[in-house]
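**Q** Heads up: the protein sequence lines correspond to chains B and S, in order.
Numbering of the first sequence is given in UniProt numbering, commencing with residue 1 and proceeding in unit increments.
Numbering of the second sequence is given in UniProt numbering, commencing with residue 1 and proceeding in unit increments.
Worth double-checking, as some hints may not be accurate.
Claimed, not checked - Which residues of chain S face chain B? A partial, calculated answer using Cβ under 7 Å:
#1 SER6
#2 ARG216
#3 SER231
#4 GLN233
#5 TYR238
#6 THR239
#7 GLY240
#8 MET241
#9 THR352
Rather than coming from a laboratory, the hints here were simulated on the basis of the structure.
Think of the CB as a built atom: it goes at the ideal place given N, C-alpha and C, for glycine as much as any other residue.
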Amino acid sequence: MGILEVKGVNKRFGGLQALGDVNLSVAENTVHAIIGPNGAGKSTLLNVLVGKLIPDSGSVMFDGQSVLGRKPHEINQMGISRVFQTPEIFADLSVMENVMIPCFARRDGAFRMHAIGSVRNEGDIIAQAEAILADVNMLAKRDMLASALSRGDKRRLEMAMCLVQEPKLLLLDEPTAGMARADTNNTIDLLKEIKEKRDITMCIIEHDMHVVFSLAERITVLAQGTPLVEETPENIKGHPKVREAYLGEAQV
Amino acid sequence: MLGLNSRDFKLLMIVIFMTLAAPILLNPFPVDSALGESFNAGYPALMQRFVIFGLLAVGFNILFGLTGYLSFGHAAFLGVGSYAAVWMFKLLSYNIIPAMLASVIVAALFAVVIGYVCLRRSGIYFSILTLAFAQMSYALAYSVLSPITNGETGLQVYADDPQVLMSAGDPVVPHLFGWEMNSSVTWNVGGWQFVFQNGYYLAAICMIIGFYISIRIFRSPFGLMLRAIKSNQTRMSYTGMNTKPYMLAAFVISGMYAGVAGGLMSAMDPLTGAERMFWTASGEIVVMAILGGVGTLIGPVLGAGIIKYLENIISKINSDILHNWFAFMPDWMDNLLVNILYPFVGKGWHLTLGVLFMVVVIFLPGGLVQGGQKLGALFSRKSKSSDSDATTAGTANTNTPAE
Ligand SMILES: Nc1ncnc2c1ncn2[C@@H]1O[C@H](COP(=O)(O)OP(=O)(O)O)[C@@H](O)[C@H]1O
Ligand SMILES: [Mg+2]
């Protein structure tokens, strides 16, 4: 049994079968990559996992509990964090405030009325936030407004916001899309480092095969909403079905 | 000090000084002078309005400034608070303590119900829902709820009301344990006259406390969550935060401020009517906050003060006064200026307000507070000459959204 078990999930958008009978098992403490051409349904699958979409049928079990029908914040509190394809950050707040909020969410749960004490006096929260900013090399930018960050920094900030929650499962939707080569390599190093430092399961959607092969232990190929194969990286290279799905796309 | 950082503490001290010294500061001209008649604002009825509307705007800002949810029905809570207070006068006694408590509690309950329904939507739909609720309350107060609100006559205290806690010698005006709201001390210095009224000081102290609480809320984790909701609600939910109770809490706190403001209005003058809930009253609160600076601490107080000042001072100016001002000019010029200015004064003061509002919204989206900051920056640049201001570019101090 994996930490995440997706069974027979279907999702239609009008006439379009975005997900067709998806089965997926992600083992604990592994990095599992989901690849596939544009429009294959990868983001849709993540949306189902985090409670943004409710599938038409099927089941999604995380850590022995069903996530279906739960609200996004409840699913997050179960231990699933997500990095979005276009970064979702608090653009009007400072970098430091951006990472403090997940710290509060982790310590105080989904709601706590804490209206009189000052944020300045939250020593443990500040320490946690600073530590994670140091981890992602952004401590120097702590007082910058998040909206003023570069694209790459916004992604790293979002990743820091997810990591500081110490989720059991981290979902990453194309974390290096639009990054320069150097930034991409930094991200790979960062994710590897995180993997070594703590027990964490990652499910990563990626187009960049360099990233996939540097990180993934298992790879699922999704095409037209249906998983084609699930294999180790070694076996996926040169797999005929994969070549077929990627025909005309990047060389695998 | 008082759990505030030094900047906030300074701001609080300035507000305390200004409100406590208002009877002097707002009467800079001798009573009988022409200027005094036109521009003095230090009389109790007007100063009460400054601080009561200031309190209302401070509470409104906790909702609109922090969460970005624009309530267009805030006057409903004001009205409900006023009614609750007058009922306490009728049933118990003229002591304002039970009246004020009732105002807050009733406004809070009302806000829980309205908030629960309206917060199912966001953006313009939320605003329309709150507006609809307030207009419904207004209409109900005039019709089916007349037994409670006394309809068009307005709710007031009658001689045959129970007033069960009243004993023989008690004052027959609102009072705080015998300290009557409408009594005052007048201080004559030369041609100047300063009036210190109990009611004003009670309202001023409520405003100061409300302002202090709002600073604490702005700097608290709760305040941070509200700002985060304003910034990105999606990220908030995917970070494990339930935005609903946060929003409801902000809405109810904001409604309680309005309830206190309504209670104070009744304490100043124990008579209230449904027009306090009319949509224009709600709109006025919105204008106050935007004019002063939404999301800033002092902005709403400033906006409330300026609007109440304009309303009272400009609406008093008539063509005779204008002619007096320009008497030294040749007749044709005098007439021309009076003709140009006349539409903007007296009953036309709304026109002045409208122009001011447009200018502020277009040129100072951050309200008058932003204007003040720009001026401040201009002066400090002049004095420091070529001191580099690189530190301000794209940075934001973690714990201090602009005051
Ligand atoms: N909310 C939606 N409504 C309608 N169609 C959608 C929606 N979300 C995704 N789709 C469609 O579903 C298919 C899969 O999309 P997506 O999961 O984003 O693919 P990708 O694998 O590139 O992330 C696409 O054809 C997309 O247009
Ligand atoms: Mg996608």
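**Q** Answer holds if the nearest beta-carbon of chain B is closer than 7 Å to that of S/ARG216; otherwise answer violated.
**A** holds (5 Å)
**Q** Is the interface hint for S/TYR238 satisfied, with its Cβ closer than 7 Å to some Cβ of chain B?
**A** holds (5 Å)
**Q** When the nearest CB of chain B is found for S/THR352, is that gap smaller than 7 Å?
**A** violated (33 Å)
**Q** Using the nearest Cβ pair, does S/GLY240 come within less than 7 Å of chain B?
**A** For S/GLY240, the interface hint holds, since the closest Cβ of chain B sits about 4 Å away, which is under 7 Å.
**Q** Taking the closest Cβ pair, is S/MET241 under 7 Å from chain B?
**A** holds (5 Å)
**Q** Taking the least C-beta to C-beta distance, is S/SER231 closer than 7 Å to chain B?
**A** holds (4 Å)
**Q** Tell me if S/THR239 is really an interface residue toward chain B, meaning its C-beta lies closer than 7 Å to one of theirs.
**A** holds (5 Å)
**Q** May I ask you to test the interface hint for S/SER6 with respect to chain B, counting a Cβ-Cβ separation under 7 Å as satisfied?
**A** With a closest approach of 12 Å, the S/SER6 hint is violated.
**Q** Can you verify the interface hint for S/GLN233: is its Cβ closer than 7 Å to any Cβ in chain B?
**A** Status violated, d = 10 Å.
In this structure, the earlier hints numbered 1, 4 and 9 are contradicted, and the remaining ones agree with it.
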